[in-house]
Structures are given as structure tokens and as C-alpha cells.
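Those protein sequence lines, which keep their order, are chains Y and F.
The opening residue of the first sequence carries number 8 in our numbering; numbering runs sequentially from there.
The opening residue of the second sequence carries number 8 in our numbering; numbering runs sequentially from there.
None of these hints come from the bench; they were simulated from the model.
Hints should not be assumed to be uniformly reliable.
Copies of one chain are not kept apart here, so a pair can be met inside one copy or by any two copies together.
Calculated pairs, DSBU-like style, for lysine-lysine (alpha carbon to alpha carbon, straight line, at most 30 angstroms) [to be verified]:
(1) K119 to K86
(2) K92 to K119
(3) K119 to K11
(4) K128 to K277
(5) K128 to K167
(6) K92 to K167
(7) K277 to K167
(8) K92 to K277
(9) K86 to K277
(10) K167 to K11
(11) K11 to K86
(12) K92 to K11
(13) K86 to K128
(14) K277 to K119
(15) K167 to K119
(16) K128 to K11
(17) K167 to K86
(18) K11 to K277
There are 2 protein chains.
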Amino acid sequence: MSSKHPFDIATGLEPSGEGGYHGATSPAYGNLVGPFGGATAATLLRAVLEHEDRSGDPVALTVNFCGGISDGAFEISTKLQRTGKYTQHWSLELIQQGAVRATASIVCGRRKDGFSHHSTKAPEAPEPEACPLMPAAGLMGWVGRYNFRFAEGAPSFAGKAFAEPNDSRSVLWISDLPERQLDYVSLAAMSDAFFLRLLHVRGSMVPMGTVSLSTFFHATPDEIVGQGTTPLLGVAEAKRFHSSFHDQHMELWGRNGNLLATGSQTVWFKD
Amino acid sequence: MSSKHPFDIATGLEPSGEGGYHGATSPAYGNLVGPFGGATAATLLRAVLEHEDRSGDPVALTVNFCGGISDGAFEISTKLQRTGKYTQHWSLELIQQGAVRATASIVCGRRKDGFSHHSTKAPEAPEPEACPLMPAAGLMGWVGRYNFRFAEGAPSFAGKAFAEPNDSRSVLWISDLPERQLDYVSLAAMSDAFFLRLLHVRGSMVPMGTVSLSTFFHATPDEIVGQGTTPLLGVAEAKRFHSSFHDQHMELWGRNGNLLATGSQTVWFKD
Numbered sequence: 008m009s010s011k012h013p014f015d016i017a018t019g020l021e022p023s024g025e026g027g028y029h030g031a032t033s034p035a036y037g038n039l040v041g042p043f044g045g046a047t048a049a050t051l052l053r054a055v056l057e058h059e060d061r062s063g064d065p066v067a068l069t070v071n072f073c074g075g076i077s078d079g080a081f082e083i084s085t086k087l088q089r090t091g092k093y094t095q096h097w098s099l100e101l102i103q104q105g106a107v108r109a110t111a112s113i114v115c116g117r118r119k120d121g122f123s124h125h126s127t128k129a130p131e132a133p134e135p136e137a138c139p140l141m142p143a144a145g146l147m148g149w150v151g152r153y154n155f156r157f158a159e160g161a162p163s164f165a166g167k168a169f170a171e172p173n174d175s176r177s178v179l180w181i182s183d184l185p186e187r188q189l190d191y192v193s194l195a196a197m198s199d200a201f202f203l204r205l206l207h208v209r210g211s212m213v214p215m216g217t218v219s220l221s222t223f224f225h226a227t228p229d230e231i232v233g234q235g236t237t238p239l240l241g242v243a244e245a246k247r248f249h250s251s252f253h254d255q256h257m258e259l260w261g262r263n264g265n266l267l268a269t270g271s272q273t274v275w276f277k278d
Numbered sequence: 008m009s010s011k012h013p014f015d016i017a018t019g020l021e022p023s024g025e026g027g028y029h030g031a032t033s034p035a036y037g038n039l040v041g042p043f044g045g046a047t048a049a050t051l052l053r054a055v056l057e058h059e060d061r062s063g064d065p066v067a068l069t070v071n072f073c074g075g076i077s078d079g080a081f082e083i084s085t086k087l088q089r090t091g092k093y094t095q096h097w098s099l100e101l102i103q104q105g106a107v108r109a110t111a112s113i114v115c116g117r118r119k120d121g122f123s124h125h126s127t128k129a130p131e132a133p134e135p136e137a138c139p140l141m142p143a144a145g146l147m148g149w150v151g152r153y154n155f156r157f158a159e160g161a162p163s164f165a166g167k168a169f170a171e172p173n174d175s176r177s178v179l180w181i182s183d184l185p186e187r188q189l190d191y192v193s194l195a196a197m198s199d200a201f202f203l204r205l206l207h208v209r210g211s212m213v214p215m216g217t218v219s220l221s222t223f224f225h226a227t228p229d230e231i232v233g234q235g236t237t238p239l240l241g242v243a244e245a246k247r248f249h250s251s252f253h254d255q256h257m258e259l260w261g262r263n264g265n266l267l268a269t270g271s272q273t274v275w276f277k278d
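Whole structure, please, built from the sequences with the hints as guidance.
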């Protein structure tokens, strides 16, 4: 029996030579079909973070979900595109049965203290304990790997379409279950742990999936360590649903009102 | 003498075999050093749009600026990662003197009429004619290729730091100069035509540059054609400036209150 956290098992990698890695999906982070996209994004980030040529901390991550990832083994290939004075750029591919199922670009940066300013504020929300814990029973496996405490805009999984489109915005506390010290890898996963806004706005469950996801990391390593296992305050909203695609945008806030990550994704949906 | 619009010259490509292209930067869209990043993003999108294997309309574009692009010739290589039933995924590299200077991922999608809803509204702004035209004289070449009419949050190019950080938000009308029928390629360029928020917030001019840029296209081809040469209404704001990087987020609105594109970028800055 492993004493590893399920998240570290789900995102664990073994070097396979030439900067590549072997990995495997984990049922603990399963989605309706295949793995939770956030676990895939996190695994791709881990590939760079564990690479011997990596320099700097994560700044930007884009993942494109090209085709369905099946449960089971996969390979990740990495290509270091350039190491500059301030930034380092990587391109990655996740491959199953010889086919590219996801691509990613990752930028690391050499951060330096300097001008620091928040030009927006964390949303108002009651303390985590004052927000009801969302039951995960009967939902996708990965949902049970987080404590979701909605302050605003909890989803309905009743599967019944609303008479009128609902507000797209949610404000919620999110933390790993069991609890786990935050790191960039788990922050990458949480960046994709917001339910698809179509569900919030429309109510009904139709085939849908994230197509492209971009996350920007604002947190410095000391802020990541300082966050510990404290829940993050998340905000998500969409702007437009049209002709098979919609966007959604998120913020993840940490202790002391520090914005740890922002991100956006575009989602395909049927009809 | 060419009767081509300067934008079509700047983003024009010649096939070089095996899905690759030759291109060259254009002084008309020059930045402080090298080309305007929006012209580079637009050129990369054009490479996919002109590719014989492309299917579907642009849905998502991410460009990573790996290293400085010099004025002059470049090569673009394209790799079709996957064509699925609903989406098609591409990876691209822009190469100069044998070095990768930019990478991109582009997703095209087969769009279908269905659920359509705006979950946000266009900002309030006076008509374009009521907003002062920003003088482009003395600024980077590409600035003169657009009419910028700020309704809110015009930049200061005085180069003097503000005593207190200014609001990061701008609302402005933007259109090509000379005027040009909107297409996805020009929409991609306009997605990067918002001045870096550091300038708006801090006032002073320090070395800075976009590192990673992601744009989501919401507009269907009929909306793009219907926009004609009418100015787009843009909104941009930042959320956090910290340890050498800041984010910024943008919306581009078209006729009839349709959101044509949303996007975000992360920007490196010195000190």
C-alpha cells in the first residue's frame, strides 16, 4: 500500500529517456470518460518541473485536448524550445496508442522582486466553514478528490434545463481531499476544477468538453508554500455561449488576498 | 506598387512545401524592437487558415513568444496534430536563423447553431466619433496602423511613473487604418493591440514584453463578414502585477452587442 497522496499517484511520472515520461491515468481522478482534464494538465506541468533542464518557476500553461484520453498508460514527450535570460519555453505532447491526445506549452520564468500590485480584489465570501460542502456522491470520481464549498452559484446536477439561462458566476472554496500542501502541480489541476459553465447556465447535461485551457501562475514559490493546505477561493464565469463553443474564466485566490492564478478555457458543447 | 492592404503584406505567406511557409516582418507593423506581436499571432493563424488540410473555423489560438523576432524573413512550420469530428488541432513554430522564436497552438472547430447566450454585456461607451482619436505620431509603427479611440483609460506615453498605481482598465474603439474588412486574421491581431497594462498602471516605460497570449474566437464567419469595417469595442484590464510578470485580459465586441473574441496574456517586465 502506498502512502502517497492520490493526486501524486494520478500525476506521477517515470522518466523514459530523452526527456520523455511514462504515466498512467488514475481511477481516483476519473471523469465521465477518461481522466479529469485538470489531472492531465497537472501531469504535463509535472513533466517540465521534473525535467533536469528546467529553470525558473511556472508562469503560463496551455493545454489543448486534441482527442479523448482513455483510461490507462500514456507517454509524454517534451521539447525545450528555448531558454532565455528571463523565460524558458517548452512544448509537450501526450500520446496514447501512437496518437497525440493532448499538446501543451509551458513557460517558466525567473522571477525577481519588483513592482507588485493587485488591480482587482478577491470576491466577498463567507469563511469556508460557513459554506455548505457539496456532496460528491454519484458524481465523477475526481469531484470526490476535492472539497467544494460554494458561496455563490452552486451547480445543479438534476439534469433538468432551466427555463431561463442562469447566472454563469460561481464563487467557491476549493481544497484537496485528503488535504495536501499546495504546489504548482495541484494549482494547475485546481485551475480546471471549475464545473463547465454550460451546466451552471443551462442546467441540462449535454456532451461537452474542454478544448483549450490556459492558466497563468502569479504565485511565487513562497506564496505557494505559505498557502499550506488552506482552501483557495475560486471565481469562475463565462461570457459567451455560441455555435458549439463557450469560454470560461477563473481566478484562484490564496491567503492574504493574493491572487495565485488566473485562467481561461474554451469548451465544446453539443447543440 | 501593391494595392494590398499593409496588414495583408505584413501577414502574407508563401508556401514552402510540406505545410511550411516563408514570411517576412513588415516595417509598417514594427514595434520598439522587431514586429508587433499581434502581427506575429495573425501570421501564425494565417498559416493554418491557408493550409489545404484545415477544416473548421478558428476557435482558440495560443502564441508563446520564445525569443525576440528580428526584422526580416522567417519560416513557419505547421503540424496537424489531430482532426476530430468537432475540432482540429495544430502546432506551429516560427523560426529565424535556425532558432524557434515563437510557438503556437491553434484549434479550429466545426460550429453548429444551437444554444446561444451572452452571460455578460458590452461595456458602456460613447459612439466612436465621440471618443478622441489617439495620436500615433512618435509611437511604434504598428500603433499607426490602427485608429484607437479611448472611451476610458487612455495610456500616457509621457514616461513618468504615477505617484499611485492607476486603474488598469481601458475601454476603446479600434479599427484598422486604412480601413479593412474584418477577418479572423485581423481579429487575432487586434486581440494583441491593447497596450501593456503595466504602462497604464505604472506610467513609466520599462523593458516589457508579452510572453504567452491566448485568444478565443466566439464570432462565427457571418458575424465576421457582418462586422465589415465598423470599429470593434475593446476592453482590457489586468489583475495582478508581481515578481516580473503580470496578466491582462481582453474582450472585443462587435455590432449588435456580439462578443467576437476574448483573450488573455501574461507579460514579463523588468523590476
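Hints, one by one, checked against the model:
1. Taking the shortest alpha-carbon separations for K119 and K86, only the intra-copy value of 26 angstroms comes in at or below 30 angstroms, while the best inter-copy value is 36 angstroms.
2. Taking CA atoms no more than 30 angstroms apart as the test, K92 paired with K119 passes inside one copy only; the shortest distance there is 12 angstroms, against 45 angstroms between copies.
3. Taking CA atoms no more than 30 angstroms apart as the test, K119 paired with K11 passes in neither setting, with 33 angstroms inside one copy and 45 angstroms between copies.
4. In this assembly of identical chains, K128 and K277 lie within 30 angstroms of each other by CA distance solely across copies; the values are 24 angstroms between and 35 angstroms within a copy.
5. In this assembly of identical chains, K128 and K167 lie within 30 angstroms of each other by CA distance solely across copies; the values are 26 angstroms between and 34 angstroms within a copy.
6. Proximity of K92 to K167 under the C-alpha cut-off of 30 angstroms is restricted to the inter-copy arrangement: shortest distance 27 angstroms between copies versus 53 angstroms within a copy.
7. Proximity of K277 and K167 under a CA criterion of 30 angstroms is satisfied intra-copy only: 16 angstroms inside one chain copy versus 51 angstroms between copies.
8. Taking CA atoms no more than 30 angstroms apart as the test, K92 paired with K277 passes between copies only; the shortest distance there is 12 angstroms, against 45 angstroms inside one copy.
9. For a Cα distance limit of 30 angstroms, the shortest separation of K86 from K277 across copies, 27 angstroms, qualifies, whereas the shortest one inside one copy, 34 angstroms, does not.
10. In this assembly of identical chains, K167 and K11 lie within 30 angstroms of each other by CA distance neither inside one copy nor across copies; the values are 39 angstroms within and 53 angstroms between.
11. In this assembly of identical chains, K11 and K86 lie within 30 angstroms of each other by CA distance solely inside one copy; the values are 29 angstroms within and 38 angstroms between copies.
12. For the homomeric pair K92 and K11, neither the shortest alpha-carbon distance inside one copy (36 angstroms) nor that between copies (39 angstroms) is at most 30 angstroms.
13. When the C-alpha separation of K86 and K128 is checked against a cutoff of 30 angstroms, the pair qualifies neither within a copy, at 37 angstroms, nor between copies, at 41 angstroms.
14. For the homomeric pair K277 and K119, the shortest alpha-carbon distance between copies (8 angstroms) is at most 30 angstroms, but the shortest distance inside one copy (45 angstroms) is not.
15. Taking the closest pair of Cα atoms, K167 and K119 come within 30 angstroms of each other only across two copies (22 angstroms); inside a single copy the shortest separation is 50 angstroms, beyond that limit.
16. Within a single copy, K128 and K11 get their C-alpha atoms no closer than 36 angstroms, and across copies no closer than 46 angstroms, so neither meets the 30 angstroms cut-off.
17. Neither within a single protomer nor between protomers do K167 and K86 lie at most 30 angstroms apart by alpha-carbon distance, with minima of 45 angstroms and 41 angstroms respectively.
18. For the homomeric pair K11 and K277, neither the shortest alpha-carbon distance inside one copy (38 angstroms) nor that between copies (40 angstroms) is at most 30 angstroms.
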